[in-house]
Amino acid sequence: MTLSTFKNLLFSILFVSASVAGYASEDKETTDDKEFNAKEMILHHVKDAHEFHIIDVNEKPISIPLPIILWTDNGLTTFMSSAFHHDDSGHHVVEKNGMKFVKLHEKIYQLNGDANEVVFDEEHHPTNASMPIDLSITRNVFMMWVSVAVLLLIFLTTAKRYRKSDDKLPTGIAGFVEPLVVFVRDEIARPMIGEHKYKKYMPYLLTIFFFIWINNIFGLIPIINGANVSGNIAFTCTLAVFTFIITTFSGNKNYWKHIFWMPGVPVPMKIFLMPIEIIGMFVKPISLMIRLFANITAGHVIILALMSLIFVFKSVAIAPVSVAFSLFITVIEIIVTAIQAYIFTILSALYFGMATEEEHH
Amino acid sequence: MTITGIAAIGAGLAAIGAGVGIGKIGGSAMEAMARQPEMHGKIQSSALILAAFVEAVALFGVVVAFLQG
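Protein chains in written order, with numbering that gives the first Met the number 0: chain A, 0 to 360; chain B, 0 to 68.
A couple of the hints might just be wrong.
Straight-line distance between alpha carbons at most 30 Å, and here's what the computed DSSO-like set of lysine-lysine pairs gives [claimed, not checked]:
hint: 1; chain 1: B; residue 1: 23; chain 2: B; residue 2: 41
hint: 2; chain 1: B; residue 1: 41; chain 2: A; residue 2: 198
hint: 3; chain 1: A; residue 1: 256; chain 2: A; residue 2: 269
hint: 4; chain 1: A; residue 1: 283; chain 2: B; residue 2: 23
hint: 5; chain 1: B; residue 1: 41; chain 2: A; residue 2: 199
hint: 6; chain 1: A; residue 1: 106; chain 2: A; residue 2: 95
hint: 7; chain 1: A; residue 1: 196; chain 2: A; residue 2: 256
hint: 8; chain 1: B; residue 1: 41; chain 2: A; residue 2: 313
hint: 9; chain 1: A; residue 1: 38; chain 2: A; residue 2: 59
hint: 10; chain 1: B; residue 1: 41; chain 2: A; residue 2: 196
hint: 11; chain 1: A; residue 1: 252; chain 2: A; residue 2: 269
hint: 12; chain 1: A; residue 1: 198; chain 2: A; residue 2: 269
hint: 13; chain 1: A; residue 1: 283; chain 2: A; residue 2: 196
hint: 14; chain 1: A; residue 1: 256; chain 2: A; residue 2: 199
hint: 15; chain 1: A; residue 1: 106; chain 2: A; residue 2: 159
If you are wondering where the hints come from, they were derived from the structure by calculation, not from laboratory data.
Okay, chain A solo, but in the shape it has when bound:
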């Protein structure tokens, strides 16, 4: 083992164990309540939020407030989420522009009329409040902007290096980016779409590959409370809809013929296959959406569940086991971040390839 590999290995291990320590310190906060509820803690971590909750000190939460932007009947209303004083049970009422708002399970409700507090029915749904259109900059939106900024920084620097130097050898950060771009081109776009048409789809494929990857990686950093961007179904849905639109609009005659009137099979079979192919058209992006969402969310849930075992059993003796297991799962998750970005990209490329394939018989 050379010195540099050893250094890299050491750094990775340090990094990963620091992450696990971060998770552990976050979990402790919830045990101060009488009964530790693992499910509640996990859902709180996985779901989107209106503030960056960092840590609790002496039962007082420390968090970075994020702006709340609401479209109500009286127009745009904005205030900081710190106005709720970390209340998430709907008891703290915030008055703004003559309207009253409460926050309940990370959703903002507007109280109807002159009600002064929220009334719940048996299933704990509020009965006297409605939900305005919530355009807030939440934790996920903020993290998405951070990852966009990081991607822009990396790729603009890379582009500048290529513009400056005439020799073909990539230097600096370009040396890191170029193999990845070549990988997407030679291993994903070329074999899946074909030699003649792949160039048109390269910008999209590169964008989703790096965007999903960097968001997956940011999801594993615990100090930002593991902002679960790529484990949010709205995020994956948007990406899958992009793939669906591009596939549908680049479909040629051959593609539509295969969907509506499958060549080379008897007529009853053609009629039988038509609805299946039409359903298949929509199932492909839906499976893309659910695959990414469920993989990333499941990873977060497993790590947090292993950590909460300590607090469920209320014993320090269980700690080495659960730390070791969550270290193991975290290492696997680091691989999964790359694999899921690769799978999403290669399946998108496969669908584009199917849509643009020429007749060959």
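Starting from the known structure of chain A, fit chain B onto it as the hints suggest.
Only chain B this time, still in chain A's reference frame:
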């Protein structure tokens, strides 16, 4: 038994199915790579894609369990 318990059993059954499926893909891919080492890259990438397809079906089960549990 509560609905949460049944949801957990459902997630477990989905995991069994995916385990069998991915195991078969992985086993066959290893065998194929041992027979034809020069096809290593191609076999590996198609095995990964197939594993993703199998896994997606299991994850549908997990998502339904999430929604119920």
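Hints, verified against the model:
no.: 1; hint: B/23 - B/41; result: holds, 17 Å
no.: 2; hint: B/41 - A/198; result: holds, 21 Å
no.: 3; hint: A/256 - A/269; result: holds, 11 Å
no.: 4; hint: A/283 - B/23; result: holds, 23 Å
no.: 5; hint: B/41 - A/199; result: holds, 24 Å
no.: 6; hint: A/106 - A/95; result: holds, 17 Å
no.: 7; hint: A/196 - A/256; result: holds, 20 Å
no.: 8; hint: B/41 - A/313; result: violated, 49 Å
no.: 9; hint: A/38 - A/59; result: holds, 22 Å
no.: 10; hint: B/41 - A/196; result: holds, 21 Å
no.: 11; hint: A/252 - A/269; result: holds, 17 Å
no.: 12; hint: A/198 - A/269; result: violated, 34 Å
no.: 13; hint: A/283 - A/196; result: holds, 21 Å
no.: 14; hint: A/256 - A/199; result: holds, 23 Å
no.: 15; hint: A/106 - A/159; result: violated, 43 Å
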